[in-house]
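For this one, chain A is given, so just place chain B on it according to the hints.
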Amino acid sequence: MSPEELRAVIDAAANASMEAYYWWATGLMVCIHAGFMMYEMGQSRVRNVLASGVKNILAFAFIIPTFFLFGWWLYWAYGTGNIFIPDASAEFAQYYVPWSDGMGPNLQDQASGVFWAAFVLFSATTASIVSGSVIERIRISSWIILATLVGSVVWIIAAGWGWSAGGWLVADWGYHDVGAAGVVHMISGFFALGVLINLGPRVGRFNADGSANDLPGHSVPMTIAGLMIIIIGFFGFLGACLIYPAPMAGSSADAGWLNIYGGATNLSAFAFNTLMGFAGGIIGAYFITKDPFWMMSGALAGIFCAAAGLDLWYPGTAFALGFLGGVVIPYAHKMITSWGIDDAVGAVSVHGVCGLIGVLAVGVLLGGYPTHAEGIPPISFTGQLVGAIAMGLGGFIPGYVVSWILNKCGILRTSDSVQKLGVDAEIPVAAYPENMQSRDYS
Amino acid sequence: MFDSSPIESWEGAGAVFNSAGSSGVMIWIVIAVALCIIPIISAIRHENAIENEHG
Numbered sequence: 001m002s003p004e005e006l007r008a009v010i011d012a013a014a015n016a017s018m019e020a021y022y023w024w025a026t027g028l029m030v031c032i033h034a035g036f037m038m039y040e041m042g043q044s045r046v047r048n049v050l051a052s053g054v055k056n057i058l059a060f061a062f063i064i065p066t067f068f069l070f071g072w073w074l075y076w077a078y079g080t081g082n083i084f085i086p087d088a089s090a091e092f093a094q095y096y097v098p099w100s101d102g103m104g105p106n107l108q109d110q111a112s113g114v115f116w117a118a119f120v121l122f123s124a125t126t127a128s129i130v131s132g133s134v135i136e137r138i139r140i141s142s143w144i145i146l147a148t149l150v151g152s153v154v155w156i157i158a159a160g161w162g163w164s165a166g167g168w169l170v171a172d173w174g175y176h177d178v179g180a181a182g183v184v185h186m187i188s189g190f191f192a193l194g195v196l197i198n199l200g201p202r203v204g205r206f207n208a209d210g211s212a213n214d215l216p217g218h219s220v221p222m223t224i225a226g227l228m229i230i231i232i233g234f235f236g237f238l239g240a241c242l243i244y245p246a247p248m249a250g251s252s253a254d255a256g257w258l259n260i261y262g263g264a265t266n267l268s269a270f271a272f273n274t275l276m277g278f279a280g281g282i283i284g285a286y287f288i289t290k291d292p293f294w295m296m297s298g299a300l301a302g303i304f305c306a307a308a309g310l311d312l313w314y315p316g317t318a319f320a321l322g323f324l325g326g327v328v329i330p331y332a333h334k335m336i337t338s339w340g341i342d343d344a345v346g347a348v349s350v351h352g353v354c355g356l357i358g359v360l361a362v363g364v365l366l367g368g369y370p371t372h373a374e375g376i377p378p379i380s381f382t383g384q385l386v387g388a389i390a391m392g393l394g395g396f397i398p399g400y401v402v403s404w405i406l407n408k409c410g411i412l413r414t415s416d417s418v419q420k421l422g423v424d425a426e427i428p429v430a431a432y433p434e435n436m437q438s439r440d441y442s
Numbered sequence: 001m002f003d004s005s006p007i008e009s010w011e012g013a014g015a016v017f018n019s020a021g022s023s024g025v026m027i028w029i030v031i032a033v034a035l036c037i038i039p040i041i042s043a044i045r046h047e048n049a050i051e052n053e054h055g
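Sequences listed follow chains A and B, in order. Be aware that the first sequence starts at 1, since it is given in the working numbering, and climbs by one per residue. Be aware that the second sequence starts at 1, since it is given in the working numbering, and climbs by one per residue.
There may be inaccurate statements among the hints.
What the hints assert, rightly or not - Not everything, but these chain B residues come out facing chain A in the computed CB check (under 10 angstroms):
| no. | residue |
| --- | --- |
| 1 | F2 |
| 2 | N18 |
| 3 | I29 |
| 4 | I44 |
| 5 | E53 |
| 6 | H54 |
Hints were generated in silico from the structure; no laboratory data involved. We put the beta carbon where it would ideally sit given N, CA and C, even for glycine.
Next up, chain A with everything else stripped away, as it sits in the complex (with noise of 0.2 angstroms):
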């Protein structure tokens, strides 16, 4: 065998290994749906459970054809330094236009797929985050408008923003956000606080002095569960945030494992950091709640304020920052609710403010770390200041804007009268047609 063709062989080996690496965490990634599936159907009461579970399998479908027609597109279109208008003449953004050779079956091309697949379970994340804090009252028709818009289109402009190598907040500020704790996790979690001030409360949830009444969910098992089976998912999530060291034209990967933005790192960093967060998130709560719901929110909440910088905490960090999250979660929803507004799951608190404690935690304890390329700035408080508060416009003014539209078509929001009889008066079937029922809190 000539030295050109073991080239070949060892080309194909590892191209054909980065496909399988990309296909099974997007296998994985699936497990974050089933786990928010089940989640928000345990929070609801019996009489909208199957509402809440058809919500959330409509918004993965719809993300999928979606993002395929458009939101790939986006990504690439803005990951060259434009903040508004979207750069068509960008390389990638001409080879992702959906009637492209690219976007099919090639057999010259074996990452576009599994690339594509892995940043569409990464949108549909999106969605199922804002999803829990909506159920019990949103309409589904105008749910899939807001599932599309927040996975299909804002989180990821804000992806070609802060995750992109060539996006402005990496190549002007030295943005660092390896674990999508801004990019995904603050677009969501203040895409839903935009939302959720349109939507309104449930029936029964606040009473006329402004006090709040708690509207128990029917299984706090089944939301427990869900829950852990988010973190099996969030493993998925995490390793294809890494770039796969396989020889692809054009890339530096023969190096090894990539973060996102082109950068050295490996597993291992990730698999310390994530762990750590996982466990100090659940501390944290346990430590504060003594509550199963908020012990394993805090799992997630321990994740997230650990993911920005999951290639370079010291472990101990991670878990002290996953604590923190752990801690600051049932405060941060107790204020959330405190202004009248109902978020069902605790998505703001969990996702929006553990993102935000997460971008800033690397701009504090990380600041100086040199970045990937020359020319673009060190790690630093003024970057992740910046990063932060284009994740939370992002987020939040989209979705403010287009819930308020909705709510001026009067498709936002279920009526009273059907809240009361229950959402799942529109779903054909019944969850428990023997014998549960809910307790009428209106």
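Chain B alone, transformed into the frame defined by chain A:
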């Protein structure tokens, strides 16, 4: 649209999906867009019917 193979041989083939590199792809894109929009309209009509039925 129906005679849609973009290749005459597998030797050195690149894009192999039906209608690759031709305007036939646009027809499927239009169909995909329609298949996303029509169910949303259907959902709105269904929800309105339930709302009207239950006041």
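- Which numbered conditions among the earlier hints are violated in the structure presented, ordered from lowest to highest? 1
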